[in-house]
Each structure stands twice: as C-alpha cells, then as structure tokens.
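K.L.:
Here is what each chain is made of, one letter per residue.
Protein chains: 2
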Amino acid sequence: MSTVSLTPHAALRIDGARLWNSLMELAQIGATKKGGVCRLALTELDRQGRDFFVAQAKAAGCSIRIDSVGNIFARRAGLNNSLPAVMTGSHIDTQPTGGKFDGNYGVLAGLEVFKTLNDAGVTTAAPLEVVVWTNEEGSRFVPVMMGSGAFIGEFKTDFILAQKDRDGITVGQALHSIGYAGKDQVSPSGIGAYFEAHIEQGPVLEAHDITIGVVTGALGQRWFDVVITGSEAHAGPTPMSLRHDALLAASHVVQLINELALDHAPNARGTVGMLDVYPNSRNVIPGSVKLSVDLRADSDATLTAMVDKLNARAQEIAKQGKVSIALTQVVYFPPAAFASELVQAVRSGARTIGLSEMDVVSGAGHDAVYMARVAPTAMIFVPCKDGISHNEIEDAKSEHLEAGCNVLMHAMLACASQP
Amino acid sequence: MSTVSLTPHAALRIDGARLWNSLMELAQIGATKKGGVCRLALTELDRQGRDFFVAQAKAAGCSIRIDSVGNIFARRAGLNNSLPAVMTGSHIDTQPTGGKFDGNYGVLAGLEVFKTLNDAGVTTAAPLEVVVWTNEEGSRFVPVMMGSGAFIGEFKTDFILAQKDRDGITVGQALHSIGYAGKDQVSPSGIGAYFEAHIEQGPVLEAHDITIGVVTGALGQRWFDVVITGSEAHAGPTPMSLRHDALLAASHVVQLINELALDHAPNARGTVGMLDVYPNSRNVIPGSVKLSVDLRADSDATLTAMVDKLNARAQEIAKQGKVSIALTQVVYFPPAAFASELVQAVRSGARTIGLSEMDVVSGAGHDAVYMARVAPTAMIFVPCKDGISHNEIEDAKSEHLEAGCNVLMHAMLACASQP
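Read top to bottom, the protein sequences are chains A and B.
Going by the working numbering, the letters in the first sequence line up with residues 5 to 423, in that order.
Going by the working numbering, the letters in the second sequence line up with residues 5 to 423, in that order.
Just so you know, the hints here were simulated from the structure itself, not pulled from any lab data.
By construction, the Cβ of each residue, glycine as well, lies at the ideal position given by its N, Cα and C atoms.
Fair warning: there could be bad hints in the mix.
As the list claims (entries may be wrong) - Chain A is faced by these chain B residues, among others (derived, beta-carbon under 10 Å):
{"#": "1", "residue": "82"}
{"#": "2", "residue": "222"}
{"#": "3", "residue": "238"}
{"#": "4", "residue": "249"}
{"#": "5", "residue": "256"}
{"#": "6", "residue": "284"}
{"#": "7", "residue": "298"}
Stated by the list, open to error - Coverage of chain B stretches by chain A, computed from C-beta distances (three or more under 8 Å per stretch; other residues unrestricted):
{"#": "8", "region": "197-209"}
{"#": "9", "region": "260-270"}
{"#": "10", "region": "362-371"}
Stated by the list, open to error - Derived DSSO-like pairs (lysine-lysine); straight-line CA-CA distance at most 30 Å:
{"#": "11", "chain 1": "B", "residue 1": "326", "chain 2": "A", "residue 2": "401"}
{"#": "12", "chain 1": "B", "residue 1": "187", "chain 2": "A", "residue 2": "323"}
{"#": "13", "chain 1": "A", "residue 1": "294", "chain 2": "B", "residue 2": "401"}
Given only the sequences and the hints, what does the whole structure look like? Please build it.
P.N.:
Right under this line is the structure:
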C-alpha cells in the first residue's frame, strides 16, 4: 500500500436503513408488477429517476454538472479542490425487465457516503464526486455503457447523440426532451480514483458465503456470430450418410465453446446463448443454424488462444459434418486490470470493518471497465440472491448492501484523505 | 412369384409427354412465383385440382365415387367386376411451399395408365381404380394422411369431419364448401392390390444413378418432444462450474440422436429438426431448450432399442449437465412391410422394361403405409433432383417419371390380369 492509508475515521459507518429506503424509493419510478423496474435510458421515467438523484445530491450540498451526453456529476467539495476528485457512481437506467439494484445501488451508495460524511462533519482533502452514467444498459440505445464510453473518449459525442432507438428518436433528441442535454465539459484526466459498488450479478460470493467481492479486474470479451450452412432435407428419406446436418455440426460447436473455457479455468467463460435453427421443422434436417459465441478471459493472451483454437476446430467440425462454418467477430472488449492500490483499499476497508472478502473478477462489463482506462479504478461486489440480475426478481440483502457501502466509504476516504 | 405373372402386353408403354403435360397443367392450379405449388387441402384451389382430376378420369371412361371424407375413387371397369380392384393413387394437396410432383405424380401416373390402356384397347380382368386421398400433407388440417387413415379405419369419420384449421373451419364444412362431401361407402376390404408411385423425396436413387426404387416397406417412426430445464444466468459473471446450461445438455442430446441412428445403419434415422432456446440472448446462459426427436427404423425391435437407449442416456446427460430432461412421445407409426408379391411385381416390371432398379425403404410416411394394413401394397420411387421435396424447387426428370409410370402400369397389369 503506497499512496493509500487508513483514515482517521475507522469507526465511521453508513446508515444501512437510509440506503435501503433510498433504493426502495428510486425503485418506485418505473416499478413493475413483478417487483422489478423498467426505467429505460432517457425516457420520462429516467428523467424522474435523474431528478430524484439530483434533488438528493443537492440536499447533500453537492454542486451538479451535466455533460453533453447527459452524464450527471454531483460534487462534494474537499479541503483542497485542486486535488484530483475521488469518484464513485454507476447508472440508474434499467433493462426492460430489470431489477432494483443493478446500477442503482452504486449511485445511491455514493450518495449515502456523502450523507454519512455530512452527518459526521467530515471534509476530505480531495473533492468527492458521485456520477450517474447515461445508458449503461444499452436496452433502448446502443452502444451499451454509452455515457462512460463517451466520457473517456471511446465514442465521439456527435456519434452518440445521433444514435437512434427503434422509433427513430436520437439520443440528442431524447436528452433534450428530458432536460438533461448538458453543456458542461467534464475532463476525464486528473481523476484521483474511481470506485464502483455493484451487486455481483453472479453466484460466486453466495456460493462461498462471502460478503465483499474485491474485484481485481474485468474479463476481456470477444463475441462472434457463427453461421453454419448445410442442406435441409427430409428427415425420413435421407440416410444418415448423405446428410449435411447444420444442427449436428452446431452441437459440436456448442461443446467446443464449453471446452475452450474449461481449458482456461477458473476465470475463462464460453457461452452459446443464442441459437436459431432453419427451417426448424420436426421432420426436416436443419439446413442452417445461426448461433452466438461469447468468450471471456482475464488476459488477451488467453482470449487469443481461445479464438485460435475456435477457428481451427470449427473448420474440422465443418469438414467432418460436410457443412460450412463462418465466424464473424462482433464485439471486443480488452481485459481490464484494476489499480492495485485501489484494489488494496477495498480489501483493507473490508478487513478493517471485519467483513469476509475474497478476490473476484468481473465477468460482466461495467462503466468501471471504461473508467479504468483513464483513472485508477476498482470495484466492490456484494452478493445478490441466486446470482440473478437483469431480471425483475433480482434481489439483495440489506446487510450486504450496507456492508458494501461501508467498504466504499472507507476506500474513498483512504484515497481522498491525502493532502 | 406366386400369384403375379407377366402380362401379355409386355411391349406396352405409356406416353411420357402426355404425363408431363398433365403434371404441368395441374401445377398451374396454385402455382407459386418460385415455380412450386400451394394447394392446401379442401381449399378452392384443391377443388379446382379435384375437378381437373375428375374431368380427366371421366374422359377416360371412369366412374367416380366420393366417400364421406372426400377421397375420390375413379374406377375403370374390368372383365370381371366382382374381382377385387387393383388400385393406385396418391394425393393432390400440397405443402404451403410445395412442389409439382409430390402426390400429384402418383395420381396422374394412374390416369396415364388408364389412357394408355384405352388407346391400346386393353381391358383387364379385374377393375382398376385411381384414388385421390384427402389431405395427405396435414398442412391445413391434422392428422396427416387423413383420407387414407380414415379409409382404413385408423380414424373415425366423425373425428375427421370435426378437425379444425387455424380459422376454426372444420373438415366437414370445408368439404361441403368445395362440393366434395361424398356419401359413397367404399369398403377397404377385398382390395386386390394397392400401388403408389411417388418421387423418392430423398437422395438415394440419384446418388446411385438408379431409375426405379423398389420400395420394400416403410420405416416405423417414433417422435418425441424433449424439454431440457437448467437455469438461465449471466454469461459473464457465472463461472463454468456453477452453470446449469440447457443448451450444452441439448448438444449432447443432438449427438445422441445421431449416434442412435448410426448404431442401426443403414436404415435407421435420427433427426433433431426443431430446437428452441430460451431466453435466446447472446450473453445469457440458456435456461431451457425445447427440441424435437424423430427416430425411424425398419423394425419395431430396432425402434424400441433406440428409445431404450435414448431414455437411459438422456438421464445420464441430465445428471452430468445438472439439468432435467423430460421426454414425451408424440407420434408413433409402426414399420410397414410391403407385400412381397407386389414388391416383386414392381421389380419385374422394371427389369422387363430394362430399367435400373434397387431395393429401397420409404423413410417418409405415405398413404400406402396405411393401405398396407388392409391390402397387399407396394410403392415405386423415382429420383427427384437433389432429393429435394416439400419445396418449391422440387424437380424430377420427365424420363424418370415416364419410367416409373411404365413400371406402375406393368405391375398393375400383372395383378389385374388374373382371371
């Protein structure tokens, strides 16, 4: 631990009930009958959610800035406002059948830290900020992680503002409609630290009965579209030896993808989530199959090795099955290694408070993955029930959410207390 | 060869051009832009097709009977009309994107035999009949092979007349609308022979460069619905070891079905034609998969062995993949062995004419499969281009259709010449 030290406020704790109530209040905006939330990016409901955040941030004494893609920055002044800010945040847009915690937790945990510091009369050396990133989910507008991606320069502002939803409405038009088309220039340089607290969205912490996931980085991703072309034919009259069965070949691809991940256990992932058969009729040998491949790994070297084997083996499967197989890469996210001193701040925070913790990697993308390219970054995971997310039944325990928020506070204090 | 002898008309040949022109004329009724035919059972187009058949049959001197499910019997009198009739026929309804030859060939080949016999002044000992079976395809009304199934007593007439299409129209109503609700009682007993000429709908004859398929029987069929239930989860955050991937398990089922057929080569078949993934999203581990299984074999013993292994291995796959697998049988057709003396009549016909021939089994269902339960039955296959059927690009060579019709005529003459 080089630049991060324990704070003089080791006994300070956030108000878990206040955090929970705040989450439940925000979850009313776009609440679904099944107990989830539908609050798509840049809709009237998103405006209400943003207004809720801004009102709470102002009540906590923050100044508000909104940039040109609608990201909201709520700043709590420090003793020396020329120091790089210590930031936290996440998003408040949801999937169409989303939950109450995904994203919302990271934003409201940040506000809860501010409220706690206010109550305790603590002013940090560096200023603190909570950011709400625009359209992390990508459900209404693509690309996903739009706001953080634009902020760090992955996407140009003009490109983002021109993106359209299914009804042809652009991001620019939608931002104007809801009153969040900002003009502030917020620089991605000189940020002291970025933390993001999030539900795990996976089953690892729950399986190990651990409260805090110390996230050491995020897996890189390479996604492919795969098209397998055989020949459709009658299932009855066509002997096995004369078939060109696209689904039989696809079954070998599905098993190959699983094998590629097992070859690089425990952190690699391989998933075929989508598979469409044509013509998809009981007594017709499938003539073609389209499927998706999602490969994830903790290093580019591993990802490359997985893809090399995929390409080679796919051609063997094609030859064996008398079909053709075409692969097209459609998504690439490089692996992100989080900043070791911030990861250590999270780990120390958990240990100081007496919480169980373990190192984990983030298998999913998060705004923090983009932020890691421009600032020291780390994430804090807390368990969610059965690992379920992007689902209306997404659930998390108040005590876990409270614990994660306490870790967030102490990690931020550790970084922001430097003179 | 016990009861079948060569006819005194060994040199007689049908008119290939007339047969082809008749096929092309019928194919105009419901012709599609892609060169196929859409003439669904009991529609106005089916009425036009039936009228075309009846007019040609009457012009050839036939008497017409129509039974209560709309099957049309065109009878050419023999020298001794108390002898059991020698029948041939097929169907003229098509798939929605069907071809010109499936079914239509068997019906018009029968009429061409009558025209040829008329031109040559031949009267057989036994009467001859050409039958048009109602709704073989099952595209508009289920069950498939409705007319022949009702005729042989597999289905009760009242059950058939009450079947509804998607718009709620019953078979009975549709028969009345098109004027083919007959009242004749046609007995399935005492039929001397039933022949059905058909395009192969598979690739075997073409692959072997053989003109005549001597069909020795039809494969039995057992179809299953299979539901695989795992747990859907995020592809990124969920380690391989904690997954319950329904599609991965399904891939093993697909390969098992292939293996079951290869275990009983060359006549067994195993096909997964339909497979649906839920929720079918790129980055979600599939929570459930529904798929169809179509098993076919030339004996019930083989079919049973295949199903026993399917049940046993499916439970191993389920255990290994931490999912559940449920199988439900939805279709059973027993294997049909055709009558050896009629099969020999087909073989002899081909050899007498000097055509290449080979024994084949019918992998698909045909009206002949039902007829085999009540009368000595055989089928004659001719090649179709690339084995393609149930498709607008279905195609066959005029010389092959002519050859098959000549074989049909000589097989019928052999059976009908007995005093």
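K.L.:
Min Cβ distance, residue 222/B to chain A: is it shorter than 10 Å?
P.N.:
At about 9 Å, which falls below the 10 Å cut-off, the nearest Cβ of chain A leaves the hint on residue 222/B intact, so it holds.
K.L.:
Under the criterion of a CB-CB separation shorter than 10 Å, is residue 249/B in contact with chain A as hinted?
P.N.:
It holds, given that the least Cβ distance between residue 249/B and chain A is near 8 Å, below 10 Å.
K.L.:
According to a criterion of three or more residues whose C-beta lies within less than 8 Å of a C-beta of chain A, is the region 260-270 of chain B covered?
P.N.:
Answer holds; 5 residues pass the 8 Å Cβ test.
K.L.:
Was the hint right that residue 238/B lines chain A, CB cutoff 10 Å?
P.N.:
holds, 5 Å
K.L.:
Taking 10 Å as the limit, does the beta-carbon of residue 256/B come near enough to a beta-carbon in chain A?
P.N.:
holds, 8 Å
K.L.:
If you draw a straight line from the CA of residue 326/B to the CA of residue 401/A, is it 30 Å or shorter?
P.N.:
holds, 27 Å
K.L.:
For the restraint on residue 82/B, tell me whether the closest CB of chain A is nearer than 10 Å.
P.N.:
violated, 34 Å
K.L.:
Does the interface hint hold: is residue 298/B within less than 10 Å of chain A, judged Cβ to Cβ?
P.N.:
holds, 5 Å
K.L.:
Compare the distance between the alpha carbons of residue 187/B and residue 323/A with 30 Å, and conclude whether the hinted pair is satisfied.
P.N.:
Cα-Cα ~58 Å, so violated.
K.L.:
Is the listed coverage of the region 362-371 of chain B by chain A valid when you require three or more residues with a beta carbon under 8 Å from a beta carbon of that chain?
P.N.:
Check passed, 4 qualifying residues.
K.L.:
Can you confirm whether chain A covers the region 197-209 of chain B, using C-beta to C-beta distances below 8 Å and requiring at least three such residues?
P.N.:
Our answer is that it holds, as 5 residues pass the Cβ test (under 8 Å) against chain A, meeting three.
K.L.:
Decide if the proposed pair is consistent with the structure: residue 294/A and residue 401/B, CA atoms, cutoff 30 Å inclusive.
P.N.:
At roughly 34 Å apart (the allowed maximum being 30 Å), residue 401/B and residue 294/A break the hint.
Hints 1, 12, 13 from the earlier list are contradicted by this structure; the remaining hints agree with it.
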